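So the sequences go chain by chain: A and B. The numbering of the first sequence is the working numbering, which starts it at 1 and goes up by one. The numbering of the second sequence is the working numbering, which starts it at 1 and goes up by one.
It is possible that some hints are incorrect.
Note that the list lumps identical chains together, so a pair holds whenever it fits in one copy or between two copies.
Mimicking EDC-like on lysine to aspartate or glutamate, the simulated pairs with C-alpha atoms at most 20 Å apart in a straight line are [said to hold, decoys possible]:
(1) Lys225 with Glu175
(2) Lys456 with Asp186
(3) Lys191 with Asp449
(4) Lys225 with Glu423
Calculated directly from the structure, the hints in this document are not laboratory data. As the structure is a prediction and not an experimental result, all values here were calculated from the model.
There are 2 protein chains.
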Amino acid sequence: MTTLSAVDQLSGRAAPERKEALFASFSARFGERFSRSEALRAQHANTLTWLKVQAPDAVLFAETTEEVSEAVSACAGARVPVIPFGVGSSLEGQLNAPLGGLSLDLSRMKEIIAVHDGDLDCVVQAGVTRKQLNEHIRDTGLFFPVDPGADASLGGMAATRASGTNAVRYGTMREAVLGLTAVLADGRVIKTGGRARKSAAGYDLTRLLVGSEGTLGVITELTLKLFGIPETILAGVSTFETLEGACNATIAALQQGLPLARIELLDEVQVRACNAYSKLTLPEKPTLFLEFHGSEASTREQVEIFSEIAQGEGGSAVDLAARAEGRNWLWQARHDAYWATKGLREQTDIIVTDVCVPISALAACVSETKQDIQELNLLAPIVGHVGDGNFHVMPLIDSQSTDEQARAREFLDRLVERALRYEGTCTGEHGVGQGKISYLVAEHGEAVDVMIATKKALDPLNILNPGKLFAEVR
Amino acid sequence: MTTLSAVDQLSGRAAPERKEALFASFSARFGERFSRSEALRAQHANTLTWLKVQAPDAVLFAETTEEVSEAVSACAGARVPVIPFGVGSSLEGQLNAPLGGLSLDLSRMKEIIAVHDGDLDCVVQAGVTRKQLNEHIRDTGLFFPVDPGADASLGGMAATRASGTNAVRYGTMREAVLGLTAVLADGRVIKTGGRARKSAAGYDLTRLLVGSEGTLGVITELTLKLFGIPETILAGVSTFETLEGACNATIAALQQGLPLARIELLDEVQVRACNAYSKLTLPEKPTLFLEFHGSEASTREQVEIFSEIAQGEGGSAVDLAARAEGRNWLWQARHDAYWATKGLREQTDIIVTDVCVPISALAACVSETKQDIQELNLLAPIVGHVGDGNFHVMPLIDSQSTDEQARAREFLDRLVERALRYEGTCTGEHGVGQGKISYLVAEHGEAVDVMIATKKALDPLNILNPGKLFAEVR
Numbered sequence: 001m002t003t004l005s006a007v008d009q010l011s012g013r014a015a016p017e018r019k020e021a022l023f024a025s026f027s028a029r030f031g032e033r034f035s036r037s038e039a040l041r042a043q044h045a046n047t048l049t050w051l052k053v054q055a056p057d058a059v060l061f062a063e064t065t066e067e068v069s070e071a072v073s074a075c076a077g078a079r080v081p082v083i084p085f086g087v088g089s090s091l092e093g094q095l096n097a098p099l100g101g102l103s104l105d106l107s108r109m110k111e112i113i114a115v116h117d118g119d120l121d122c123v124v125q126a127g128v129t130r131k132q133l134n135e136h137i138r139d140t141g142l143f144f145p146v147d148p149g150a151d152a153s154l155g156g157m158a159a160t161r162a163s164g165t166n167a168v169r170y171g172t173m174r175e176a177v178l179g180l181t182a183v184l185a186d187g188r189v190i191k192t193g194g195r196a197r198k199s200a201a202g203y204d205l206t207r208l209l210v211g212s213e214g215t216l217g218v219i220t221e222l223t224l225k226l227f228g229i230p231e232t233i234l235a236g237v238s239t240f241e242t243l244e245g246a247c248n249a250t251i252a253a254l255q256q257g258l259p260l261a262r263i264e265l266l267d268e269v270q271v272r273a274c275n276a277y278s279k280l281t282l283p284e285k286p287t288l289f290l291e292f293h294g295s296e297a298s299t300r301e302q303v304e305i306f307s308e309i310a311q312g313e314g315g316s317a318v319d320l321a322a323r324a325e326g327r328n329w330l331w332q333a334r335h336d337a338y339w340a341t342k343g344l345r346e347q348t349d350i351i352v353t354d355v356c357v358p359i360s361a362l363a364a365c366v367s368e369t370k371q372d373i374q375e376l377n378l379l380a381p382i383v384g385h386v387g388d389g390n391f392h393v394m395p396l397i398d399s400q401s402t403d404e405q406a407r408a409r410e411f412l413d414r415l416v417e418r419a420l421r422y423e424g425t426c427t428g429e430h431g432v433g434q435g436k437i438s439y440l441v442a443e444h445g446e447a448v449d450v451m452i453a454t455k456k457a458l459d460p461l462n463i464l465n466p467g468k469l470f471a472e473v474r
Numbered sequence: 001m002t003t004l005s006a007v008d009q010l011s012g013r014a015a016p017e018r019k020e021a022l023f024a025s026f027s028a029r030f031g032e033r034f035s036r037s038e039a040l041r042a043q044h045a046n047t048l049t050w051l052k053v054q055a056p057d058a059v060l061f062a063e064t065t066e067e068v069s070e071a072v073s074a075c076a077g078a079r080v081p082v083i084p085f086g087v088g089s090s091l092e093g094q095l096n097a098p099l100g101g102l103s104l105d106l107s108r109m110k111e112i113i114a115v116h117d118g119d120l121d122c123v124v125q126a127g128v129t130r131k132q133l134n135e136h137i138r139d140t141g142l143f144f145p146v147d148p149g150a151d152a153s154l155g156g157m158a159a160t161r162a163s164g165t166n167a168v169r170y171g172t173m174r175e176a177v178l179g180l181t182a183v184l185a186d187g188r189v190i191k192t193g194g195r196a197r198k199s200a201a202g203y204d205l206t207r208l209l210v211g212s213e214g215t216l217g218v219i220t221e222l223t224l225k226l227f228g229i230p231e232t233i234l235a236g237v238s239t240f241e242t243l244e245g246a247c248n249a250t251i252a253a254l255q256q257g258l259p260l261a262r263i264e265l266l267d268e269v270q271v272r273a274c275n276a277y278s279k280l281t282l283p284e285k286p287t288l289f290l291e292f293h294g295s296e297a298s299t300r301e302q303v304e305i306f307s308e309i310a311q312g313e314g315g316s317a318v319d320l321a322a323r324a325e326g327r328n329w330l331w332q333a334r335h336d337a338y339w340a341t342k343g344l345r346e347q348t349d350i351i352v353t354d355v356c357v358p359i360s361a362l363a364a365c366v367s368e369t370k371q372d373i374q375e376l377n378l379l380a381p382i383v384g385h386v387g388d389g390n391f392h393v394m395p396l397i398d399s400q401s402t403d404e405q406a407r408a409r410e411f412l413d414r415l416v417e418r419a420l421r422y423e424g425t426c427t428g429e430h431g432v433g434q435g436k437i438s439y440l441v442a443e444h445g446e447a448v449d450v451m452i453a454t455k456k457a458l459d460p461l462n463i464l465n466p467g468k469l470f471a472e473v474r
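Build out the structure end to end from the sequences listed, making use of the hints.
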């Protein structure tokens, strides 16, 4: 196996004087859009994990692909790392700057360049957020389905291969991206993919960049698939006596080819948290939040079929939320799961982690995980994109308690070990970042060497987001 | 731009005596499974294109991943090219051996290793064909949807990123492959992806290998998505006065979110050919072959909705084929389009080519193409996976007529130029092989450098299928 220390060309990186000269030139060139203020730097380091904050040396707000190219090229010349930044909602330390460097903030690249409603696609700059896009296109009758909860930037979502509640029906960023404009490690600009729905023309560089977490290129523009807003949307809740029942109902529905748009599992701990936070009165039992898309007739039929399946697994018929408003509280509550969890205990940190397993293994994997939470005496609600076999666990930890922290780490190790034992993956949608580097090797073995070889081929100086995905010798 | 001659490390390749020693060792090791017979060699070179046949030096029938690894490793040691072979149905010279070498035939790797009906996935060896798989799993109520016409091997389909008639609903091999086992250029075996429906763990090596046409690794096993056989399948025909009408009806249906399973366009020349070959009596007009999947009620609803749309575009209501048998003649006729075309003129060669454009450009692109066919005085039917914007043109050429050949080449150049002008791609599903090397550069520009850099990183000796995708200096 290639030693991971292979990616260490930057160990003797940026002499301080070269970095100073670079930053002086950026200051002259970009004015107030370049900053070394401590507050801004801290804000640009990762904040949504328990990982140590490692702030960049400076922040640059880029506004065009050309500026990104210019900045990356200059950083490469001075051997200064570049950490692309969207809105800062990543969860595994993707935005930390362990080797210092420049946080390249793309949040001002908010132009929606084109909407092709005839082709169900659009072209956007990387800083456009999913909500901004959906508001912009509402009148066309189209929508962009990928929904990771946070109002993330589309560039960031592509970089981490985000997904979320709609993935079971509409796919993840892996499927949603038709093409990209990206700035390579030496400043070159390439376009990958295109606007055709499919292509067999050469290597799939689009999907090589999607999920590369800023380590192979800086995504500056995206061509994205859109979908027609369904004629009818029905949402509702089904409550189960057991987690197994909820999982089995999901499997049965998918096997029958029921085109579920959303199917989210909340365990009883998470339901309790949501009841308290979102002022709901749901029974504190394993619960599925569901959404059905289609024509009036077909959604009604889907609800009936699912209700029958649920009842066969000891669950309730689907309790339909009233239109519009009703749907909104449901999904707001789901998206507020993080804040609801935070409310379970005062002054607590939360580790947000995710794994994904084949759906047939979901019930067993979730049950064992709950048992482990009990054994380790942790408080850790579970929510899951159960149609994909993807679930999140959110252990609460007291940052003052080294003991609880140790138990939480033990829990994470065992969670990933368990997911891999069930032929799953160490992360379904949060990515590797810094938090899951060792698990990537556990999961992919020698294939990680191929990833590193690719990284070295495209970024020989290791300028782009170093210290992420792969372990690195300093 | 990196010169494409960068991929030329094999120019001083295999000294004849090293190749002889290698082949002697293969003969001793593999017995009758290794052959240098002329007939077998010719059979393993590309045959379904107008490209010159370039036979390999020898053929080896491998039966396990370990054997593939052993053979590739030995070939790398002796600097002998390796050309992976499935059933030989590729269309752009992917199987030719311009630099000689070993055709590595995987057609005996026909084991269906596992079917996980609860997870809607399966694991197969690369030589399993799509029909073999579908026969094997029929009793599970599941099916594998990707259908390029030929009964291709699944390994070959992954390697060329194949798609076909079902792609509009079920996706292409890009979406169908969850994970791969592949042998790298030095004989190492890696596993990519896995059985989870989604993953954010590291670079997407699965999709890097899918569509790499055997130039980055030899695919030996695949984990594939399966789908539930729909409760009801309805198929039918809708006839239009104009090509535009047929294209516009397709666009309108997709925009409404109608979940069409198949929607195939045949121009009047192709309908004439199919009528003659398949003994049909379809009106010789632009025609859509359609298929609808779902529940009894939802398929009926789809047919009604599509009929209304079609009539609004000057087309006929969907004329439903009777169940089962009816469907079969329809799709058999579609799949026999190649042979039907061959029947249009005696003693003719056919160039089978494809491009793909955004669907809004389809009507214009197809119309201009038909005009060009007329201007160049060619006979060339058009069939299309119109839901994807992908269409095929099949110019008939007299191999004795250098004039007709020149006009055909001119036609191909203009066809791709036209597709790119409409923001499309030079190939939707046939791949680049030898036939579209120059078009790949026209389409992707500097991104081709990134492909070449990746190729060099993973196959520094250029052992794997050299002379494909990228131009090469000998």
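Taking the hints in turn, this is what the structure says about them:
1. Lys225 with Glu175: both (8 Å within a copy, 14 Å between copies)
2. Lys456 with Asp186: both (12 Å within a copy, 18 Å between copies)
3. Lys191 with Asp449: between (26 Å within a copy, 12 Å between copies)
4. Lys225 with Glu423: Between. Shortest inter-copy distance 15 Å satisfies the 20 Å Cα cut-off; intra-copy 30 Å does not.
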